[in-house]
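S.K.: Given the structure of chain A, go ahead and fit chain B onto it with the hints provided.
Chains as they are written, first to last, in numbering that gives the first Met the number 0: chain A, 0 to 473; chain B, 0 to 473.
Lysine to any residue pairs mimicking SDA-like chemistry, simulated, CA-CA at most 20 Å apart:
id	chain 1	residue 1	chain 2	residue 2
1	A	Lys452	A	Asp14
2	B	Lys222	A	Thr325
3	B	Lys222	A	Asn446
4	B	Lys151	B	Ala60
5	B	Lys222	A	Trp109
6	A	Lys220	B	Gly293
Note that these hints are calculated values from the structure, not bench results. From a predicted model like this one, the values you see are computed outputs, not experimental measurements.
2 protein chains.
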Amino acid sequence: MSSSSQLQPVLDRIDADFDNSLTRLFALLRIKSISADPAFAGDCKAAADHLAKDIASLGFATDVRPTAGHPAIVAKSNSKADGKAHDGGRSHVLFYGHYDVQPVDPLNLWHRPPFEPVVTDHADGRKIIVARGAEDDKGQLMTFVEACRAWKSVTGSLPIDVTILIEGEEEIGSKNFVPFLEANKEELAADFAMVCDTGMWDPNTPAITTSLRGLVYEEVKIKAASRDLHSGVFGGGARNPIRVLTYILGSLFEENGRITIPGFYDGVKDVPPDILAQWKKLNLTPERFLQPIGLSIPAGEKDRLLIEQITSRPTCDINGIVGGYTGEGSKTVIPAEASAKISFRLVEGQQPDKIRKAFRDYVTARLPGDCRAEFSDHSNAPAIALDWNMKPLAAAKRALTEEWGKETVLMGSGASIPIVADFKRTLGLDTVLVGFGLEDDNIHSPNEKYDLKSFHKGIRSWARILAALAEAPR
Amino acid sequence: MSSSSQLQPVLDRIDADFDNSLTRLFALLRIKSISADPAFAGDCKAAADHLAKDIASLGFATDVRPTAGHPAIVAKSNSKADGKAHDGGRSHVLFYGHYDVQPVDPLNLWHRPPFEPVVTDHADGRKIIVARGAEDDKGQLMTFVEACRAWKSVTGSLPIDVTILIEGEEEIGSKNFVPFLEANKEELAADFAMVCDTGMWDPNTPAITTSLRGLVYEEVKIKAASRDLHSGVFGGGARNPIRVLTYILGSLFEENGRITIPGFYDGVKDVPPDILAQWKKLNLTPERFLQPIGLSIPAGEKDRLLIEQITSRPTCDINGIVGGYTGEGSKTVIPAEASAKISFRLVEGQQPDKIRKAFRDYVTARLPGDCRAEFSDHSNAPAIALDWNMKPLAAAKRALTEEWGKETVLMGSGASIPIVADFKRTLGLDTVLVGFGLEDDNIHSPNEKYDLKSFHKGIRSWARILAALAEAPR
Numbered sequence: 000m001s002s003s004s005q006l007q008p009v010l011d012r013i014d015a016d017f018d019n020s021l022t023r024l025f026a027l028l029r030i031k032s033i034s035a036d037p038a039f040a041g042d043c044k045a046a047a048d049h050l051a052k053d054i055a056s057l058g059f060a061t062d063v064r065p066t067a068g069h070p071a072i073v074a075k076s077n078s079k080a081d082g083k084a085h086d087g088g089r090s091h092v093l094f095y096g097h098y099d100v101q102p103v104d105p106l107n108l109w110h111r112p113p114f115e116p117v118v119t120d121h122a123d124g125r126k127i128i129v130a131r132g133a134e135d136d137k138g139q140l141m142t143f144v145e146a147c148r149a150w151k152s153v154t155g156s157l158p159i160d161v162t163i164l165i166e167g168e169e170e171i172g173s174k175n176f177v178p179f180l181e182a183n184k185e186e187l188a189a190d191f192a193m194v195c196d197t198g199m200w201d202p203n204t205p206a207i208t209t210s211l212r213g214l215v216y217e218e219v220k221i222k223a224a225s226r227d228l229h230s231g232v233f234g235g236g237a238r239n240p241i242r243v244l245t246y247i248l249g250s251l252f253e254e255n256g257r258i259t260i261p262g263f264y265d266g267v268k269d270v271p272p273d274i275l276a277q278w279k280k281l282n283l284t285p286e287r288f289l290q291p292i293g294l295s296i297p298a299g300e301k302d303r304l305l306i307e308q309i310t311s312r313p314t315c316d317i318n319g320i321v322g323g324y325t326g327e328g329s330k331t332v333i334p335a336e337a338s339a340k341i342s343f344r345l346v347e348g349q350q351p352d353k354i355r356k357a358f359r360d361y362v363t364a365r366l367p368g369d370c371r372a373e374f375s376d377h378s379n380a381p382a383i384a385l386d387w388n389m390k391p392l393a394a395a396k397r398a399l400t401e402e403w404g405k406e407t408v409l410m411g412s413g414a415s416i417p418i419v420a421d422f423k424r425t426l427g428l429d430t431v432l433v434g435f436g437l438e439d440d441n442i443h444s445p446n447e448k449y450d451l452k453s454f455h456k457g458i459r460s461w462a463r464i465l466a467a468l469a470e471a472p473r
Numbered sequence: 000m001s002s003s004s005q006l007q008p009v010l011d012r013i014d015a016d017f018d019n020s021l022t023r024l025f026a027l028l029r030i031k032s033i034s035a036d037p038a039f040a041g042d043c044k045a046a047a048d049h050l051a052k053d054i055a056s057l058g059f060a061t062d063v064r065p066t067a068g069h070p071a072i073v074a075k076s077n078s079k080a081d082g083k084a085h086d087g088g089r090s091h092v093l094f095y096g097h098y099d100v101q102p103v104d105p106l107n108l109w110h111r112p113p114f115e116p117v118v119t120d121h122a123d124g125r126k127i128i129v130a131r132g133a134e135d136d137k138g139q140l141m142t143f144v145e146a147c148r149a150w151k152s153v154t155g156s157l158p159i160d161v162t163i164l165i166e167g168e169e170e171i172g173s174k175n176f177v178p179f180l181e182a183n184k185e186e187l188a189a190d191f192a193m194v195c196d197t198g199m200w201d202p203n204t205p206a207i208t209t210s211l212r213g214l215v216y217e218e219v220k221i222k223a224a225s226r227d228l229h230s231g232v233f234g235g236g237a238r239n240p241i242r243v244l245t246y247i248l249g250s251l252f253e254e255n256g257r258i259t260i261p262g263f264y265d266g267v268k269d270v271p272p273d274i275l276a277q278w279k280k281l282n283l284t285p286e287r288f289l290q291p292i293g294l295s296i297p298a299g300e301k302d303r304l305l306i307e308q309i310t311s312r313p314t315c316d317i318n319g320i321v322g323g324y325t326g327e328g329s330k331t332v333i334p335a336e337a338s339a340k341i342s343f344r345l346v347e348g349q350q351p352d353k354i355r356k357a358f359r360d361y362v363t364a365r366l367p368g369d370c371r372a373e374f375s376d377h378s379n380a381p382a383i384a385l386d387w388n389m390k391p392l393a394a395a396k397r398a399l400t401e402e403w404g405k406e407t408v409l410m411g412s413g414a415s416i417p418i419v420a421d422f423k424r425t426l427g428l429d430t431v432l433v434g435f436g437l438e439d440d441n442i443h444s445p446n447e448k449y450d451l452k453s454f455h456k457g458i459r460s461w462a463r464i465l466a467a468l469a470e471a472p473r
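Extracted from the complex, chain A is given alone in its bound form (with noise of 0.2 Å):
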């Protein structure tokens, strides 16, 4: 039987085993797993033991592997496969997905626990997922693992050859991952990679991401006394490092948007003019995008498109800042030092070396005598833009549109998957981005949610895709 004429009974099962789908994943939401924090590395080692024992269960020969830091899990479909498809033989995808989560504060912002999750009634009607990790990355990585379970569940095989690589760090840089890719670049050979973190175009069509921005992540702590000081004593003759930090990111950003750091735009190229009027007739508006998150203005370049702003434009964003006394109340400190975290996202032509060392120059030069800078680098993801003509990406877009009923959308993100680059510097990998997050998901807020109806057909688009993988030309 070919793949496609087994499809229906695997979507079926699907769809009669949801309920179990939901249980299954509720079960890995349960678990804290932020790899951020120190004091839960021991729930992101048992977030991994949970899911390699859980897709060992389908077969898989399933392997917790050790890194520096988190652990990965590496597990195969078919022990025997090594690598790219012989002539005749069958695809050999590498699936990533991550099951590291981000912190969950301000947690007081949680309507419940984020590590309890439930279904519940959004406010337009729809049923969603609510927990910490429901879209990024646990629900999404599970909507693939169900789609294997179904198809090994109705036929006992999978039409492809399966690669499962699910890591633990990603929210935080990915740092002791990479190195294991480097050192295992042969048992991870595949034809390509598919990796399930992304969006769709809207909450009913489909889409494939065809470029990511990248990420340049800074830390800068500005000191200056050797202690706290007393504002009532020193203020007005002693410097304040706040006062240096706001003075410094306050002089960030020009009136119209741009940013002031010199070089930042060197190698930034405009969109080509065929795909702005794409982009033109999307008519992503204010209100469509904006509203819904209570603002009305767009915040970027001003003599560009909004959809320019959030996928094709570089950014920066202070992400954090804290210093001096933030309890209730009043305390006339002046602090010892001032800190922020503030990140990049950067787009094609952007080096991240070059924009990590204009910052910190920048920085330095506006420095009043007194003060010292100390920095630390927590990301540097180079910009992504995929090939549109890769062949699995057509067959993935042809599943997805046959699942949705409407054509799927190749579209750029805003968002940094540095994992994308690796695969393709240390083995070789193109990879196809499908994911079923919604613009209103709140990831990495409080109140995170997946959309039931995200899990339900993304675990359908996936078994589509593999059936259609299994068909496609090579």
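M.R.: Relative to the frame of chain A, chain B by itself:
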């Protein structure tokens, strides 16, 4: 016997009993009476009860009195004394201190737990008492209580009538204490007030403070989106409140150190040439004032002396700032809000209400669309200039000079003690400000200390001042 002939046995008694004085101070320092944090309300009550019991043991008619906030203590050495001395009667002083202390964060910078007092050696060999409140104001107020104890112990009475008034909300603006003064003004009537909450000129030179800066303390919260956002999805398109906050705060100062808020300097006068000439002679150098805290360059208005910057010029400090992710590692969040605490030290001629309004207008005028600012008011006190010629001041000055063997300096202070204006307004009392703090006491900071010499000679100083006041013309 005259007070002066009784003085030597009293001073001898202070020396002999000093170890016990220290034990009693330590018992008070162990109580975590942090007024800013509601979690410590019970400790504030415990501190009031503890002090009241100790003062009652000296024969004072003592009450712990409720306020709308933390309680106050009223203790009278002569319960028949009903306010101002009649012709030929005894002088009557209202002594003021506060038992509440500042919060202790950042706790990790303390070398020892802040509420476990010890006597230890300072780097230069001075013996110091280390604890939160060691100086401000538990150590200082106990110098007066111990002086009263010695007088009572040796002579059975005090040279003048004394009402001791201790509050528990000085560090949070005395909002509930001022109404308490108004409601009890007949009971609190006296000839003048004395406050022990200020410093010496240097470790060997006593001082009386004759001017104080005022304080306006504002908190501002900038709100943008209705929830925290992921910078990969929204970066470039959505308003970032940390960016808005740093832009506004970063523009508060001109290159030359002047504050840019329109009208901020209205009414501010230059120091008279003769006073400025005296100040120049005091020769307060950056080496002396800034080097001990690791700095070297005066940070205020460039065309002013350092001593002007810290005492006679109005200032602005950002005392705290917080927004977004401040934990370990990185999080690509655009937060929904960011906030800062900003204080202004005011000088004679500035009106707190006008300064507050000018600041709020300044912030509001710089808000981009889509942002709101919320303000809260933590303090609102005008500057104080005392009468250099008031009679009790001359007696106190003489007594201090005798104890320390160096001429007492009459000096301006950069700090704010709003209660001084409240005493004048509600009770009609002038205040003499005598204290034994030093610039390196780390008040409001980790590792707060009080020199053992300040505590010991502070007690002796008050014993002398009480005697001098008994014999001074009124």
